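Heads up: the sequence lines are chains A and B, in that order. Using my numbering, you'd call the opening residue of the first sequence number 1 and step up by one each time. Using my numbering, you'd call the opening residue of the second sequence number 336 and step up by one each time.
Just so you know, the hints here were simulated from the structure itself, not pulled from any lab data. None of these values were measured; they are calculated from a predicted model.
Each computed DSSO-like pair below joins lysine-lysine, with the alpha-carbon atoms no more than 30 Å apart:
id, chain 1, residue 1, chain 2, residue 2
1, A, Lys108, B, Lys498
2, A, Lys11, A, Lys206
3, A, Lys9, A, Lys295
4, B, Lys655, B, Lys644
5, A, Lys28, A, Lys276
6, A, Lys190, A, Lys206
7, A, Lys108, B, Lys355
8, B, Lys530, A, Lys321
9, A, Lys136, B, Lys382
10, B, Lys355, A, Lys321
11, B, Lys382, A, Lys137
12, A, Lys136, B, Lys498
13, A, Lys306, A, Lys27
14, A, Lys109, B, Lys498
15, B, Lys581, A, Lys321
16, B, Lys382, B, Lys498
17, B, Lys355, A, Lys137
18, A, Lys136, A, Lys224
19, A, Lys321, A, Lys109
20, B, Lys498, A, Lys137
21, B, Lys355, A, Lys136
22, A, Lys290, A, Lys14
23, B, Lys498, A, Lys321
24, A, Lys321, A, Lys136
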Amino acid sequence: MADTKTDNKTKFIKGYTAMVLSRTLDKKIVNAQRQGRVGFYTPTMGQEALQIGAGMALEDRDLIYGYYRDVPLMISRGVPIETILNQIFGNSADISKGRQMPSHFGVKKFNFMSVPSPVASNMPLAVGAAYSIRYKKENKIVLSTFGEGSTSTPDFHASMNLAAVFNVPVVFLCENNGWAISMPVEKQTKVEIWTKAAAYGMRGIKVDGNNMLETYEVVSDAIKRARAGEGPTLIDAISYRMGPHSTSDDPSKYRSQEVTEGSENDPITVTEKLLKGMNYIDDKFIESIKAKTQKIVDDKFDECEKIPPPDPATAFQDVYKNMTWMLSEEVGGIL
Amino acid sequence: MTTMNMVQAINQALSQGMAKDTSIIMLGEDIGTDGGVFRVTDGLLSKFGPERVIDTPLVELGIIGMGIGMALNGLRPIVEIQFQDFIYTAMDQIINQMAKIRYRSGGEYTVPMILRTPYGGGIKGGLYHSQSGESYFVHTAGLTVVTPSNPYDAKGLLMGAMKTDDPIIFLEPKRLYRTIKQEVPEEEYTVPIGKANLVHEGDDLSIITYGSMVPTVLDAISKNKVNADVLDLRTLLPMDRDAIFKTVEKTGKVIIVHEAPRTLGVGAEISALIAENRIDYLQGPILRVTGPDSPFPYRMEDYYIPGEKRIMDAVSKLIKLR
Ligand SMILES: Cc1ncc(C[n+]2csc(CCOP(=O)(O)OP(=O)(O)O)c2C)c(N)n1
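For reference, chain A alone in the conformation it holds in the complex (with noise of 0.2 Å):
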């Protein structure tokens, strides 16, 4: 018992640590993106909880189907900032060579498959990639991540369905921030996201996505039922949108905004009051741990800034393992 314990003291001060890095990067990424560094980023702020929590009870080997607003979820896995940085940027470092917008990452170091755009299209895949898990004998499952809004598509039924049906390794975490754009999640279904798990014959549960330690319970448990072969398990985890949309987003247009920084249902706020409560930090460890975050991200964004756009040759390989002669002729007559 006494193991677990100092394990998870250990664990949730990493995951909060954790939190203060994606927040101070988030907003770190919206001010220079105001400043006309950046040119476009998606904010994070206000699912940093369930992100983590989520990322805890991953194993390293497990993979994630991921979504364009997943960076604390990256963060939590140990992904660098700088990975970050540079595929925000896209610049010479960056993992896809500056080919994708800011916000789609993909790491197969970390597992972290790359993003599309089209929402919800990344989970049939993460259903095919459960089901060569098993068929591999592999010991991993795997993490699918979507907004709510993603929910009304073709591609999110289809996946609920074959994961039940083939009853797969794979476990849905719905971050319901209720609202995709400027559609709050009463318009976008009649009915709470968990419940349609029933539908599809498998496990729906709904968590408070503003608590990390409630959200890594939730979260583990479903990942533990998926390794033992009980199949799949869908999560509604609950939490706000703090930001807008996206950097090109002014949701004053739609919304009044319901949490704030710093507020009781800041996810942060949360998880410092819990953590404190269990005596696993004080105001002086947040304090510190904040401004050290700060110069690090300061750090790392100037380091990152500075470095060059990719070789415009690269812009036109990977296309294919070798490039067509079409493709060497059209890029003869461009560079």
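Mind docking chain B with the ligand on chain A? Use the hints.
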């Protein structure tokens, strides 16, 4: 050598590929117990079991999406879509996922996957069991589009596809599934992807075609004693430009024949390639004999699909018939 039709040849390729490589796994509607609605996968379930020959629920985008996910995690899935006409519900998965993952991931992730599907008319299938939609795929960078015209090529191209590390759209001309029998080697062999095949040699003109129209063209020229080169493209993306140029240089007269509608069909691309690169060799207009720009009719399918008469009309515009 055994005499086989295209269904048997494809079945043998699948069977041999799966026996050799356990990372090959198949999924699709009714492909297991039923052996596929065209029986192409007959017997594979009993040979390889339900984990590898997967009868799926009825959802094309889900089947293709699952195939992509399997490929990303180290397998070599072969997906069957029952009719090409039903693939359109999954176009996002094909165009935005399958075709783009290597590129968008900076080459970190690849999708070694084959998407097999019967296409084309001639089986009295009406609007939704007859379409030739190859242009949609040929227009998508990242895909490789292959279509055999005979059992030998079908087996060889498919075995080649199983060794390719990029996604392949494998279009099977369903009208030819059982109409042509041919000697096919029992052993494994590959037909190179990206290489056309000169299936008939002649000096007077060149007919460039593929898939279901190859036998139609060959019949027409043999009946009418036309001295023509007939080039079977076999791969539509990337096309074998060198083979196209070679026959154009030889005859200077070109007809392109395909079943798909004319506008922005594969023939348009071939015409443009020739016009851009070999116009000096041309001794007449490049002609296209194609399906019309309409949906595919049920009772009147023989009017839709190009036949001997329309092919010969075009031939007579370019050369004097004896
Ligand atoms: C298939 C598709 N349609 C439309 C869009 C444009 N779009 C981008 S994000 C978005 C809202 C998504 O909301 P949700 O799934 O709830 O995720 P959130 O952005 O709230 O995290 C829309 C409509 C898209 N990316 N993909």
